[in-house]
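J.: Sequence:
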Amino acid sequence: MHKIFLTACLAAPLTALAQDQAAAAKPTTSAKPKEAAPVVPSVTVAGERPTNRIDRQVYDVKSDISSTNGTAADALNNVPSVAVDPDGTVTLRGSTNVQILVDGKPSAMLQGDNRGATLQAMNADDVESVEVINNPGAQFGNEAGGGPILNLVMRRNRKPGGFANVNANGGYAGRYNSAASGSYNEGPWGFQGGVNVRHDGRNSTAVVSRDRLDPATGAFVHSSQTSSGAGLNDMGGVNGTVSYNLDQNDTLTASANYMGRGNDQRGIDHYVNGATAGFPATDYVRTTARDGDAKNFSWGGRYDHKGALPNETLKIDLRVSASENDSNSAYANDYAAGGFPNTRANQRNDNSTHIVDFTGDYERPLAGGSLKAGYKVATNKNNFDTLYTDINPLTSVAMVNPARSNRFDLEETVVALYGSYQLKLNDRWGALAGLRTEYTDMDIHQITSGVEAKNNYTNLIPSFFATYKATETANMRFAYARRIRRPNANDLNPYVVYRDEFNVSSGNPMLKPTKTDSFELGYETKFGALETNLRGYYRKDTDAIVDYRTFIANNVLLTTRQNGEGSHSSGLEFTVSGKLTPSLTLNSSGNLARSQQTTQDDSGALVTRSANSLSGRVRLNYAYSAATQVQMALQMQGKTLSGQGYRSPNHTFNLSVRQAVTPRLSLVGTVTDLFSTNKMETVINSATLRETSTRRFDGRVFYLGLSYRIGGPATAADNHTEPRFGPPQGPGPGGPGRGPSEG
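Residues -18 to -1, 1 to 725, numbered by mature numbering (1 follows the signal peptide of the UniProt record, and there is no 0), are exactly what the sequence shown covers, in order.
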């Protein structure tokens, strides 16, 4: 039985508010002029299409047909050169070194291992647009690992009156989701909020084929692992924003949100290990039962002031966010061969991240250009507590396993100052240059072993951007930025974390930050109705942080991190979008890339690996009629390097249909991975290990649902424009340089 949940808690009050406003039909008063609208961290007002800026590309995702029942991970998968795998791992141009911000600010729920699950729980319909910042400027910090940035700009409505949208969807195998969002703006006050629930997940199967070198005999010994995991989890969230215009020039904004989800899962693993000189062959089955919860919450306040000079602004912003995760796993190993007794064990994990982010940004005109300066003071606290107990099969007494139990805390404080200057040199040239200074202080507490360490350093981070208006319809862009990637808490914790009988992981407290120099040259133009964008890029990493694998016991593989000798990547990225016919719209993108990594092999020798890959996506929207739209999307991810191996290419095909039943009510159907091709295959080939690991996920997943709009535009077409990946629509040289608060 498919479940369809309709959440309409905002419908009645917003309808009444909208009707009251329509009945009053009062003209705009001086208390609520348009220029005094709440200043919130958003790229555009509702209904406008974003434009590229001098330092970033902006992609409209709110009009994607599948946004009414999809997740933020689905929305990111529609952005050029971005890929999100079923585990929630995000890559940009083939690299996993990506920051994800919300309205220009870091959030605890999008850091570390928590990121993937959060993206798969966040509602896609809440995302207005995605800013891709491959070369972040001076106003952006290097928290959450540094590197390129994906900024999720959340949907905001600043039009007077009330507006609400309600979605309800039922899916295959008991999946469902429902969301309601709305806003009301009257006089100096603005209110916006939403709620959502989701019951979803992806079951998986996996096969691992491993050949490891037996040092005693010099021969390779074969072993295998077959696995299955199942578990759909409940997720829900609520968010709200209140803004108040003190006067024409000053606005106060407060916001809060909460998201919770389950961690329940059931798994079965079958291990067959070949005999070595010191160990007999084994054949056993491990069952896992996991339960737990994750809680994410945040709150913040912001003050916006418009100065006396044109475009003079001051923004003071405080954000506090936290992510708390707990889980309990019960393991049972039942041996069919090897002569070992059956074993039982439990593992409890309590992990948390708390972030306080306080920033200020000031902008004013100066000498024909625009000066921007700001500061950041941020703290990031990470706590890990793992307790592993072995259960005596005869007495059922639990004994702590010290090799698999540990407590680890990491406190990071960042103080930063930045300045940038943007100038339109003439009718064709524009430039933006900036410099950021960051001081980082880290306190490491390995509580289990009683070891404490400190580290601090200062970095200077320059950036430069330029645009050239070649013709009335063509722009050229140049960008350079230096970034640093700090190791995160998991990367630094030296204690071994148990994942399964084959695999354990640990961090490396000796890791150094990765320094990245990134260059980019782009050309944007139009060919008839098609908008095109071609970008060439080159990125060089010093002390690149990569995976390193080695055996620490018979057939137990440890995955840790090390600083490689260096890596670099280069490529050509393109987008083509526009109307092929009055009814058919094309959005396509691709990335032809070459990457190279030099790392230390498990034998101690330096090994250089390289890979050429082609990734891309093609999305076609066909308007069968004014009421019926069909969307087809093909996504392809090319080969990517991963330490001592690589990840194989993969592809998926999705299909969506929207049918307008009335001007405000739409029926939406989606099917993801129509041909069941989605898989993750990793290949390792080193001196002591040859391994191929393949994971497959639920194939075709169907969703069918309703979307109803209250207030706002009168027709569905007004609210859902054609999806756009286009470059040049707005200003040429210099481009608009202001967006969310970004200190």
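Among the hints, erroneous ones may be present.
Calculated lysine-lysine pairs in the BS3-like style (CA-CA distance at most 27 Å, straight line) [to be verified]:
1. K522 <-> K494
2. K363 <-> K508
3. K436 <-> K497
4. K141 <-> K288
5. K522 <-> K497
Worth flagging that the hints you see were computed from the coordinates, not collected in a lab.
J.: Compare the structure with each hint and give your call.
T.: Hint by hint, here is what the structure shows:
{"no.": "1", "hint": "K522 <-> K494", "verdict": "holds, 16 Å"}
{"no.": "2", "hint": "K363 <-> K508", "verdict": "violated, 48 Å"}
{"no.": "3", "hint": "K436 <-> K497", "verdict": "holds, 20 Å"}
{"no.": "4", "hint": "K141 <-> K288", "verdict": "holds, 20 Å"}
{"no.": "5", "hint": "K522 <-> K497", "verdict": "holds, 8 Å"}
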